[in-house]
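**Q** Between the sequences and the hints, there should be enough to build the whole structure, so can you do that?
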Amino acid sequence: MKQNKRYVGKILLILSLIFFYLPIVFMVIFSFNDSKSLTHFTGFSMRWYRAMLESHGMMSSLYITIIVAVLATIISTIIGTMTAIGLSQSTKRVRHFITRVDDFPLMNPDIVTAIGLMLLFITFRIEKGFVTLLLAHIAFCIPYVILSVMPRIRQLDPNLADAAMDLGATPFQAITQVIVPQITPGIISGALIAFTMSFDDFIISYFVTGKGVKNLSIMVYTMSKRVNPSVNAISTIVVILITILLLIINIVSLVRKKETETSMTMQPKKRWPKWVGAGVVVVALVLSIFGMHRVGNQPYAGQTLHIYLPGEYISDEMVSDFEDETGASVVMDNFDSNEQMYIKVANGENYDLLIPSDYMIERLIQEDMLQKIDQKKMKSTFAKINPDILHESFDPNNDYSVPYFWGSVGISYDKRKVSLEDLETEGYNIFLDTKYKGDIYLYDSERDSVMMALKALGYSMNTKDTSQLNQAKDWLSQCVTTMEPEIVTDEIIDNMANARKALGLVYSGDAAYIMSENKNMGFFMPKEGTNIWTDAMVIPKNASHPKLAMEFMKFVTTYSEAKKNSEFVGYTSPNIKVENKLAKTTYKGINAYTPRTKYPKDEVFGYDAKTRKVIAELWSDIKVIASNAE
Numbered sequence: 001m002k003q004n005k006r007y008v009g010k011i012l013l014i015l016s017l018i019f020f021y022l023p024i025v026f027m028v029i030f031s032f033n034d035s036k037s038l039t040h041f042t043g044f045s046m047r048w049y050r051a052m053l054e055s056h057g058m059m060s061s062l063y064i065t066i067i068v069a070v071l072a073t074i075i076s077t078i079i080g081t082m083t084a085i086g087l088s089q090s091t092k093r094v095r096h097f098i099t100r101v102d103d104f105p106l107m108n109p110d111i112v113t114a115i116g117l118m119l120l121f122i123t124f125r126i127e128k129g130f131v132t133l134l135l136a137h138i139a140f141c142i143p144y145v146i147l148s149v150m151p152r153i154r155q156l157d158p159n160l161a162d163a164a165m166d167l168g169a170t171p172f173q174a175i176t177q178v179i180v181p182q183i184t185p186g187i188i189s190g191a192l193i194a195f196t197m198s199f200d201d202f203i204i205s206y207f208v209t210g211k212g213v214k215n216l217s218i219m220v221y222t223m224s225k226r227v228n229p230s231v232n233a234i235s236t237i238v239v240i241l242i243t244i245l246l247l248i249i250n251i252v253s254l255v256r257k258k259e260t261e262t263s264m265t266m267q268p269k270k271r272w273p274k275w276v277g278a279g280v281v282v283v284a285l286v287l288s289i290f291g292m293h294r295v296g297n298q299p300y301a302g303q304t305l306h307i308y309l310p311g312e313y314i315s316d317e318m319v320s321d322f323e324d325e326t327g328a329s330v331v332m333d334n335f336d337s338n339e340q341m342y343i344k345v346a347n348g349e350n351y352d353l354l355i356p357s358d359y360m361i362e363r364l365i366q367e368d369m370l371q372k373i374d375q376k377k378m379k380s381t382f383a384k385i386n387p388d389i390l391h392e393s394f395d396p397n398n399d400y401s402v403p404y405f406w407g408s409v410g411i412s413y414d415k416r417k418v419s420l421e422d423l424e425t426e427g428y429n430i431f432l433d434t435k436y437k438g439d440i441y442l443y444d445s446e447r448d449s450v451m452m453a454l455k456a457l458g459y460s461m462n463t464k465d466t467s468q469l470n471q472a473k474d475w476l477s478q479c480v481t482t483m484e485p486e487i488v489t490d491e492i493i494d495n496m497a498n499a500r501k502a503l504g505l506v507y508s509g510d511a512a513y514i515m516s517e518n519k520n521m522g523f524f525m526p527k528e529g530t531n532i533w534t535d536a537m538v539i540p541k542n543a544s545h546p547k548l549a550m551e552f553m554k555f556v557t558t559y560s561e562a563k564k565n566s567e568f569v570g571y572t573s574p575n576i577k578v579e580n581k582l583a584k585t586t587y588k589g590i591n592a593y594t595p596r597t598k599y600p601k602d603e604v605f606g607y608d609a610k611t612r613k614v615i616a617e618l619w620s621d622i623k624v625i626a627s628n629a630e
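Heads up: the sequence shown at position 100 corresponds to 100 in my numbering, and the numbers run straight through without jumps.
Be aware that one or more of the hints could be misleading.
What the hints assert, rightly or not - SDA-like, lysine to any residue: derived pairs with alpha carbons at most 20 Å apart:
{"#": "1", "residue 1": "Lys435", "residue 2": "Pro299"}
{"#": "2", "residue 1": "Lys519", "residue 2": "Leu420"}
{"#": "3", "residue 1": "Lys554", "residue 2": "Pro299"}
Claimed, not checked - Taking CB as the label site, the calculated pair distances span:
{"#": "4", "residue 1": "Arg93", "residue 2": "Thr243", "range": "42 to 50 Å"}
{"#": "5", "residue 1": "Ile126", "residue 2": "Ile237", "range": "28 to 36 Å"}
{"#": "6", "residue 1": "Lys379", "residue 2": "Lys588", "range": "41 to 49 Å"}
{"#": "7", "residue 1": "Gln468", "residue 2": "Val28", "range": "51 to 59 Å"}
{"#": "8", "residue 1": "Asn108", "residue 2": "Asp157", "range": "31 to 39 Å"}
{"#": "9", "residue 1": "Lys588", "residue 2": "Val8", "range": "58 to 66 Å"}
{"#": "10", "residue 1": "Ser627", "residue 2": "Gly589", "range": "37 to 45 Å"}
{"#": "11", "residue 1": "Asp34", "residue 2": "Leu12", "range": "47 to 55 Å"}
{"#": "12", "residue 1": "Gln468", "residue 2": "Ser627", "range": "36 to 44 Å"}
{"#": "13", "residue 1": "Thr99", "residue 2": "Val180", "range": "16 to 24 Å"}
{"#": "14", "residue 1": "Ser337", "residue 2": "Ile237", "range": "55 to 63 Å"}
{"#": "15", "residue 1": "Leu120", "residue 2": "Val180", "range": "27 to 35 Å"}
{"#": "16", "residue 1": "Arg93", "residue 2": "Asn347", "range": "38 to 46 Å"}
{"#": "17", "residue 1": "Gln468", "residue 2": "Ser620", "range": "16 to 24 Å"}
No wet-lab data here; the hints were simulated from the structure. Remember, it's a predicted structure, so these values are computed and weren't measured experimentally. Every residue, glycine too, gets a C-beta built ideally from N, C-alpha and C.
**A** Dropping the structure here:
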């Protein structure tokens, strides 16, 4: 009986190890995948490690993560250890009170701590960035150090320090040479926990940082919006570094134990405290990373361009080229939606350049949040841009905006399951064809999903007619209740590339990637019309460096840089020569890359606050209906 229990225990242990470590093994394997797919291994390649090393944002976030984690660990370990030793000499009432206070950060959800720290920094007008990120990490690491050190201190003789001082030691010597060596295992445990918590933190970091300062967790979060296997590469590097660190710690521990056993009678040599060496290393690392500067005759040396844009929407190589040419530094923050961007800009957040969508640009213009572009200085830039995306209704004279990317919305489909005849006959109504029940994706975008319903009914996507909007709601309600669709966001890209569903509503640039990964996938734009969208660069009223922002606008639209940017992101370049070139080479045969010339029923979204609110509520109701139908 005991033997059977032993076998069951071993099996459960093995299954637990598999459960915890199999995802890590999976990640490491796919970091060497030749394609972008996160589910199909197509061949061995080091391309994602090269992409990682060339990525300005990824390497910067890795440096910041390591620096913050090391500094937070050292500082919180010193403070936490001193606090724990002090508590051991305090009265019972004080010790009980401080212990309860120390438990609050451990018990509070991270989101509560994050909001509290954010409000604290806002109240005292502390600009969010590296300093606030470091202070927040120190704050939430200290309780873990205290919690680890206190049990060790309780095991000590309370008279140990007094005895040391009776023998001639100073109070400092009594702490550093008598007490600290006795509680070293607890200090190391606390330091390791602090390092892990700091390295891993996302929620608190997300709320307390700013000015483009991002740790690894925030960077991975922004990259997860689009398929980027470089995440696997950098995660594998982190796993290797942590493994090496743990091996070093264990080896050093064994060596020290052996040295202690063989030199009990030898007079110990006087050495510098260990924290001095660690501090020197960290300070040198910080100075080497943040103290570097460019030299030369670069016109904007010393200036910093702050850009606010969607995640994974710019080529790191292009950013590096711009920094090398101008001498300026580029700091990028990412937003999840145009609405999130609007809230920050409306609340006075300072950025030099924004890259929102057309309808949001119209709103920013209406609310006088943008400054006009010097048309004379930008004349040569506008001459390079496809005229089809200039003088749109949201900015008729391009007084405020310079196109960044553009495209359309259409249907991605599996050629083996869906016939072109069905698509041409039914258009968007194919999403109501029960032949494809349970085999479709809807995109979780109120703007584009409602557009699809309105177009399927023969209406304008900019309609303000309540009756037409209600019919669109009925159309979508029928779709979610009868067709069993899966409502997704950017995960649709990889899912359609792997042909997990027959149909999905996607943006043209995403369709370009899908078809480049899977020859069985196609892209169709219904005759009912579609949304021709434009994301453009604009300069907010409170920009600190508007001239540098205009230099960036010019740089992005040059042939060589526009080509790099478009090949990296996948969307249609505003530079007409790049658009034509990629349509014949990189994206040859992929009709999603170049949206068709505007048909009469193709439209550009306009901004109307009242209608936008109605559409937002409509889509929320549809998602509730969909969840109830599951």
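**Q** Taking each numbered hint in turn, which are not upheld by the structure, reported in ascending numerical order?
**A** Hints 1, 6, 11, 12 and 14 are the ones this structure does not satisfy, whereas the remaining hints hold.
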